[in-house]
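S.K.: Based on the provided sequences and hints, a complete structural model is requested.
What follows is the residue order along each chain.
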Amino acid sequence: MSPRPPLITLTTDFGTRDPYLGALRGALLTACPGAQLVDLGHELPPYDRLAGAYLLGAAAPWFPLGTVHLAVVDPGVGGPRRALALAAGGSLFVGPDNGLFTAIYDRLEVREIRAIDAGRLGLADAHPTFHGRDLFAPVAGHLAGGAALASVGPEVTDPVRLPLASPRRDGAHLLAAVLHVDRFGNVATNLTRATLAHCGVGDRVLGWPGRTGPLAVHATFSEAPPGEVFLLWGSSGYLEMALDQGSAAARLGLTAGEAVRFPIVG
Amino acid sequence: MSPRPPLITLTTDFGTRDPYLGALRGALLTACPGAQLVDLGHELPPYDRLAGAYLLGAAAPWFPLGTVHLAVVDPGVGGPRRALALAAGGSLFVGPDNGLFTAIYDRLEVREIRAIDAGRLGLADAHPTFHGRDLFAPVAGHLAGGAALASVGPEVTDPVRLPLASPRRDGAHLLAAVLHVDRFGNVATNLTRATLAHCGVGDRVLGWPGRTGPLAVHATFSEAPPGEVFLLWGSSGYLEMALDQGSAAARLGLTAGEAVRFPIVG
Amino acid sequence: MSPRPPLITLTTDFGTRDPYLGALRGALLTACPGAQLVDLGHELPPYDRLAGAYLLGAAAPWFPLGTVHLAVVDPGVGGPRRALALAAGGSLFVGPDNGLFTAIYDRLEVREIRAIDAGRLGLADAHPTFHGRDLFAPVAGHLAGGAALASVGPEVTDPVRLPLASPRRDGAHLLAAVLHVDRFGNVATNLTRATLAHCGVGDRVLGWPGRTGPLAVHATFSEAPPGEVFLLWGSSGYLEMALDQGSAAARLGLTAGEAVRFPIVG
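Chain order of the listed sequences is A, B and C.
With numbering that gives the first Met the number 0, the residue at position 54 of the first sequence is 53, and numbering never jumps.
With numbering that gives the first Met the number 0, the residue at position 132 of the second sequence is 131, and numbering never jumps.
With numbering that gives the first Met the number 0, the residue at position 61 of the third sequence is 60, and numbering never jumps.
Some hints here could point you the wrong way.
[As the list claims (entries may be wrong)] With the C-beta cut set under 8 Å, the calculated list includes, among others, these residues of chain A facing chain C:
no., residue
1, GLY14
2, ASP17
3, PRO18
4, GLY33
5, GLY78
6, GLY152
Think of the hints as simulated: they come from the structure by calculation, not from any bench.
These numbers come from a predicted model, not from an experiment.
Heads up, the beta-carbon is just placed ideally off N, CA and C, and yes, glycines get one too.
M.R.: Here you go:
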C-alpha cells in the first residue's frame with residue numbers, strides 16, 4: 000500500500016466552464032504539494048448556500064477522518080463576512096461564514112471553530128473577489144499539511160446558520176421544506192427520523208393534498224407500484240418523495256427551497 | 000518516480016449536481032485510503048445502460064493493467080438483480096449485472112465473473128437505494144487494495160448482455176444501429192471491421208437514402224470535403240458518420256439507440 | 000509529507016459525456032503511472048481556441064513549477080498543423096500549434112518550444128482523429144516522467160498566435176474585446192493594466208454608450224451599488240464589467256469574442 004497523501008475535497012458554485020476551478024486547484028497544490036483533490040461538486044446554483052450546505056452534509060461524512068473539506072459559495076466575498084476553519088466529526092472544514100456549514104453543525108460533532116486571520120497568515124493581499132484561490136485554498140493546504148487549527152485565528156462561538164432543518168407540526172399538518180431535488184427527480188425534504196419523532200408524527204401518516212390516505216413508504220424503487228409517488232428514507236437520511244423511473248418533483252411541482260405542507264391523515 | 004497508488008475509475012449516471020458522487024468517492028477512499036480516483040463519466044442519461052456500456056468499452060481499455068473500474072447505472076437497485084465483480088483484459092470491473100458490462104464482454108478477454116455476496120462481505124445493510132456507495136464502492140476498494148476476486152462471492156457464467164453489437168445484412172441493406180452521438184455530432188454505429196467482414200460488406204459500398212453512390216470514407220476531418228457527410232473509422236473502433244466542423248447527427252436526424260439502414264450500393 | 004507525484008493538468012473541448020476524456024486519462028496514466036491528473040476544464044465550446052487560451056492563461060500559472068499542462072482543442076487534427084511541447088514560466092505545455100497557447104506566450108516567460116516528431120517517438124500510428132489520446136498524452140506522460148523537452152523534436156520559433164490581447168485607442172474611444180463571460184455573467188475584456196497604460200488611458204475614464212460619466216471602478220461586488228454595472232480588476236488580471244448578484248453580460252448584451260468600444264469620457 001502506498002502512503003496516503005493529504006486529502007482535500009472541493010465544493011463550489013464555480014461551475015466547470017470558467018478558469019476559477021483550475022486556479023483553485025493550482026493554489027491548493029501549491030499550498031500542499033501532492034495533496035489528493037476530490038470533488039464533491041461545482042454545479043451548485045450560483046450563490047446558493049442552502050444547496051451547498053445540503054451537499055456538504057450528505058457527502059462529507061463519507062470521507063476518511065482527517066479529510067479537509069474546502070467549500071466556497073461566497074456571495075459576500077470581499078465584504079465583512081468572516082472566513083472560517085473548523086473541526087467537526089473528525090475532519091476539517093474551510094470556507095466563508097455564511098451558513099454553508101449549517102448541515103455540518105447539525106449532523107456532526109463540532110469540536111472547534113476558528114475565524115481565519117488573513118493578516119496573521121500573510122494572506123492579507125488576497126484578491127478581493129477570489130478568496131477561494133487566495134485565502135481559503137492556502138488555509139486548506141496549510142491544514143492538510145498538518146498545521147494546527149488554532150494557528151489560523153481566534154475562536155468563534157456564533158457561526159452563521161441557515162434555517163435548514165426545522166420542520167414543525169401545525170395542527171393537522173406537518174410543515175416541512177424541500178432541501179434538494181436530485182437529477183432523477185427525487186424530492187428530499189428536511190424531515191429526518193429525529194425531527195419526525197420530535198414533531199410526534201410517524202412516516203406512515205403523511206398524506207398529500209387531493210389524495211385519500213397516507214403516502215406509502217417503500218424501501219426501494221423496485222417495490223413501489225409504477226406511476227405512484229411514494230415516500231422513501233433516502234440515502235442521506237432525509238425522507239424523500241419518489242416515483243419509480245420518473246420524476247416526483249415534476250409530478251408534484253416541487254423545487255428546492257419550497258415549503259411543503261403534509262396533511263396528517265393517520 | 001513515486002510509488003503507484005491503486006487506481007479506480009468511476010462511471011455513473013449520477014450527474015455532478017447531487018451529493019451521490021461525492022459520497023461514492025468518500026466511500027471508495029474510506030475502503031481504500033490513498034487510491035487514485037479517475038472519472039470516465041457521470042453524465043450518462045439516467046438509467047441508460049447502453050450508454051454506460053459504450054463508455055466503458057471505449058475508455059476502460061486505455062487504462063493500465065490492474066485498474067479497478069467501478070460502474071453504477073442501476074435502475075434495479077434494491078431489487079433482485081445480481082451485483083458483479085469480474086476480471087477482463089487484465090483489469091477488474093465492479094457493478095450491477097444489468098448489461099452495463101456488455102462491451103467489456105464483447106471486446107476484452109473475460110477471465111472470471113463473480114456475484115457479490117453482500118452477507119459474506121459484511122455489507123448486507125447497504126442502503127437499498129444506494130448500492131454504489133454502500134456495496135460497490137467497498138467491494139471496488141477491497142479489490143483495489145489487493146483482495147482476490149474469488150473472495151467476493153460465487154462464480155457467474157450467465158451475465159446479462161445488451162444487444163449492443165449485432166449488425167446484419169438484409170438483402171440490399173445493412174442493418175446497423177447508432178451506439179452513440181458525441182458532442183461534436185459524430186454518429187458512432189455498431190459496425191466494426193469484424194462485424195462488417197462478418198456481413199460480407201466493405202466500408203466503401205454503404206450508401207444513404209436519397210443519395211447516389213456510396214458515402215466516402217476519409218481518415219480525418221480535414222481531408223473531407225466541407226459540408227458533406229462522410230464515413231470515418233472512429234477512435235473507438237466503430238464506423239462513424241461525420242461532418243467536418245458540423246453535426247452529422249443533426250444533418251441526418253439520428254440519435255443514440257436508433258436503427259440505421261444503409262443501402263448497399265457497391 | 001508523502002512524495003509528490005508528477006502533476007499533469009488537462010484542458011480540452013471534449014465535454015464530459017463522451018468516452019474521449021476517459022480514454023485520454025487512461026492514456027496519460029499508461030504513459031506515466033501514478034501521475035496526478037487535475038482538470039482545468041473540458042467544457043470549452045467545441046473547437047474554440049480563444050476560450051482555451053483564456054482558460055490556460057488564467058489557471059495554469061497557479062500550479063506548482065514543473066507541472067505539465069496538456070491542452071487539446073484541435074479542429075485541425077490529422078491535418079498539417081504542428082504538435083508542440085514547450086517550456087514557459089517554469090512549467091511545460093503540450094498540445095496543437097493553433098494558437099491555444101497564445102496567453103501562455105503573452106503572460107509567461109517562454110524558454111523553449113519544440114515540434115513533436117511523432118516518428119522519432121514511435122507515435123506515428125496515432126489515430127488520425129484522436130491525437131489527444133495517441134500523441135499528446137504519451138508526450139505529456141513522457142515529459143511528466145522526467146524526459147528532456149529537447150527529446151520530443153526540433154525547435155520552433157514561430158508558433159501560431161491568436162489576436163488575444165491587442166486593445167487600441169481610436170481617438171475618443173478605446174477599442175477592446177470580450178475574452179470571456181463567466182457563469183456569473185462577469186465580462187472579462189482584454190484590457191490589462193499594461194495594455195491600458197500602453198493606450199495612455201486610465202481605468203477611471205471609460206464610459207458606456209448612452210451613459211453619462213465614467214463607469215465606476217470597485218474592488219468588490221459588495222461595495223458596488225446594487226443594480227449598476229461597474230468595472231472591476233478581475234482575479235485573472237483583466238478589466239471586467241460586473242453587476243452585483245446579476246449578469247453584466249445579459250444587461251449589456253455581450254458575449255465572448257465580441258469587440259467592445261468604450262467611449263473615453265474623462
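S.K.: For every hint, state whether the structure bears it out.
M.R.: Cross-check of the supplied hints:
Interface hint at A:GLY14: satisfied, since its Cβ lies 4 Å from the closest Cβ of chain C, which is below the 8 Å cut-off. With a cut of 8 Å, the hint placing A:ASP17 at the interface with chain C holds, because the nearest CB-to-CB distance is about 4 Å. Checking A:PRO18 against chain C: minimum C-beta separation of about 3 Å stays under 8 Å; hint holds. The criterion of a C-beta within 8 Å of any C-beta in chain C is met by A:GLY33, whose closest approach is roughly 4 Å, and the hint holds.
Taking 8 Å as the C-beta contact cut-off toward chain C, the hint placing A:GLY78 at the interface holds, the least distance being around 3 Å. A distance limit of 8 Å between C-beta atoms decides the matter here; for A:GLY152 the minimum to chain C is near 21 Å, and the interface restraint is violated.
Violated hint: 6 only; the structure is consistent with all others.
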